[in-house]
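Visitor: The residues making up each chain are set out below.
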Amino acid sequence: MKDRRKGIVTRAIDVFDLPGEVIAGLPKLTLVGNGRLHIECHKGILEYDSSLIVINGGKLILKLRGENLEIAAMSAEEMLIRGSLLSIEFE
Amino acid sequence: MKSAVNFFLGTVRVRAESPYPERVMNICAQNHIPFWDYERVGPTTVEFSVYHPGYRKLGDLAQRGGFTIERTRKVGVPFFLWRLRRRHALLIGLVAMLLAVWSLSLFVWEINVSGNETLSAREILEALDELGVGIGSFGPTISSEAIANDMLLKIPKLQWIAVNVSGSRAQVLVRERIDKPEILDKTEPIMVYAVKSGIIKRMSVLEGKNVVKEGDTVQAGDLLVTGIMDSLSSGKRAVHAMAEVWARTWYDLSASMPLTMTTKEFTGREKTKTALFFAGGRLNLYFNSRIAFTDYDKMTTVKKLTLPTGNVLPISVVRETYREYAPRQAEMTILEAEQILQKRLLARLSRTIGDGQITSTNFTSTLKGDVLTVSLAAECLEQIAAERPFTPEEILEMQSPSEKEQD
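Protein chains in written order, with this note's numbering: chain G, 1 to 91; chain B, 1 to 407.
Note that these hints are calculated values from the structure, not bench results.
There may be inaccurate statements among the hints.
[Claimed, not checked] 30 Å max Cα-Cα, derived DSS-like pairs, lysine-lysine: (1) B:Lys154 x B:Lys186; (2) G:Lys28 x B:Lys154; (3) B:Lys264 x B:Lys368; (4) B:Lys271 x B:Lys304; (5) B:Lys264 x B:Lys343; (6) B:Lys213 x B:Lys201; (7) G:Lys43 x B:Lys2; (8) B:Lys154 x B:Lys180; (9) G:Lys43 x B:Lys57.
[To be verified] Reference listing, derived: stretches of chain B covered by chain G, where coverage requires no fewer than 3 residues with Cβ under 8 Å from a Cβ of chain G: (10) 18-28; (11) 36-48.
Cβ atoms here follow ideal geometry from the backbone N, Cα and C, with glycine treated the same way.
Based on the sequences and whatever the hints tell you, model everything.
Guide: What follows is the structure, given as C-alpha cells:
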C-alpha cells in the first residue's frame, strides 16, 4: 500500500511538473561549484563538524564531506553551507 | 554593513553545552533565532552568536531542550544604553534637548522677502516687525491673512502680499503696485516762467506764445511763454504752455579751508570686542566694556552666520574694533588745498545745475593768514523753464470785457 502510494506521488510529480520538494517532502539542493550549497526543506542537523555535516532531509539523510565546512545561515526550512565540498552522499 | 546592523541590534556570544550540540542548532532554526559564527569548542560544547532578543528566547528554550547556555561576550547599542539607564541627568538632558528643538522650531528665525522691486526688504521687514512678525516671533500665532491685510494698509505701494510661515522660516512674497502714469492735462491753463536768471540761448516752444526771444536777458520769475493766446471767436483762450528754454547762466561760488589741520596718526594699539546678536538681544562676549584710549576710531562689522549649505542663521557676530590714534598737526601745501577746494566747488556747482552743462570755469585763490579761499566763476548752459498755473490776475485778464462788466 505504502509503495503504491509512493508510486502515485512520484508519478503525479512527473505528470504535473509539480515542485517535488514540497509534495514529497524531499530536500532541494542548489550547488554553486563546490563551495556553496543551498538546501531547502531540511528537517535539521544530525551531525556537525568542519569535515562532515549530516543533515536530515526527511526521506533522505544527506552526508556532506569536505574541508572547512560551516553553516553560514540556517532557518527552519533553509540552510546555506560554505566550505570546499568533496562529496554528497544520500542514505 | 552587516556588522553595523549587528552592532545596533546588539549581539551576544553564546557558549552552549549539550550532549548533542547539533540539537541546539536545530532548536535555533525551528524557533527562528538567527545565529552565525557557529564553532565547535569541545565534544559537547559549541559557541555561536545571536542577536540580543534571540538570546532571551534561547534562555527559555534551554531548560526544555536539556542544554545549558552561558553568555561569554556582549556588544552593541542596547547593552550600552542599558548601562546608562541609571544616569538620570543624561536622560533629563536628552528630553530637555528634544523639548528645546521642538519649542524653538515654533519660532520664526528667518524671514525671506521676495518679489520687491522698488521697496527695500528692510522697509517691508520693519513694517512686519511693527505688526508683530519678526525674528523670534511665535509662529502659530501669526495669522497670515490678518498680517497681509494690515500690511497692504501700512504700505500703500504694495498690491499683494502673502506671509507663509513654515516651521521656523517665514516667506514673504510681495507684488508692488504699478503707478498710474501722469496724464498731461492739455486744457489746464499753465504759464512757463524762468527759475534762474540768464541770457536765453535756445528756445523751443511746443504750446503757447513766447514772451521773450533768444538773446534776451531774463530774471528768475520772469514769464517766458504765456498760456494766453489770441482767439478769433472769443478774443482770448487759455492753453497749457509748454517750452524748453536753455539759457547761459553765471555762478559765483567760494569755499575756504585752513592750511593747518589735525590728522590722525594711528599708534597701532587696538582693542576688539565681540558680541552676538541673537533673537533681538545682544550677548557680549567680553567683560570689561571700558576703553582705555583717549582718542580712537571705532569700526563695527556685523557678520551674519551662515551654514555651509548657504542657510542664514539668526545669529549675527558683531566685532567692534577700537583703534587708538594720536592727533597730529599737519600742514597742507597751497596746491593740495586748492585742488581739494576746486573739487568741492565743482561738485557743488554740478548739484546746482542738475542736467545742465558747465561751459567755462575760472578759479581764483586768495590766502588770508592761514585760510585759503578759492572762488569759482562759472558759465553754464541749463534749462531754466518751469511750469506754473495761472495766477488770479491772469485768470481775470482772460475773461472777456463783457464778462468783466457782468462781475
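Visitor: Please go over all the hints and tell whether each is borne out by the structure.
Guide: Evaluated hints:
Our distance criterion of 30 Å between C-alpha atoms is broken by B:Lys154 and B:Lys186, whose separation comes to about 35 Å. Note on G:Lys28 and B:Lys154: the hinted pairing is violated, with a Cα-Cα distance of about 81 Å set against a maximum of 30 Å. Restraint check: the Cα-Cα separation between B:Lys264 and B:Lys368 comes to about 26 Å, which is no more than 30 Å; the hinted pair holds. About 22 Å separates the Cα atoms of B:Lys271 and B:Lys304, which keeps this hinted pair within 30 Å; it holds.
A distance of roughly 23 Å separates the Cα atoms of B:Lys264 and B:Lys343; the hinted pair therefore holds under the 30 Å criterion. With a C-alpha separation of about 9 Å, the suggested pairing of B:Lys213 with B:Lys201 holds against the 30 Å cut-off. For a cut-off of 30 Å, the pair hint linking G:Lys43 to B:Lys2 stands: about 28 Å separates their Cα positions. As the CA atoms of B:Lys154 and B:Lys180 are separated by approximately 20 Å, the hinted pair is consistent with the 30 Å bound.
With a CA separation close to 21 Å, the supplied pair G:Lys43 and B:Lys57 stays within the 30 Å bound. Coverage of a stretch by a chain is defined here by at least three residues with a beta carbon nearer than 8 Å to that chain's beta carbons; for the stretch 18-28 of chain B and chain G the count is 5, and the condition holds. Coverage of the stretch 36-48 of chain B by chain G holds [criterion: at least 3 residues with CB-CB distance below 8 Å; count 3].
Violation of the numbered hints given earlier is confined to hints 1 and 2; the remaining hints are satisfied by the structure.
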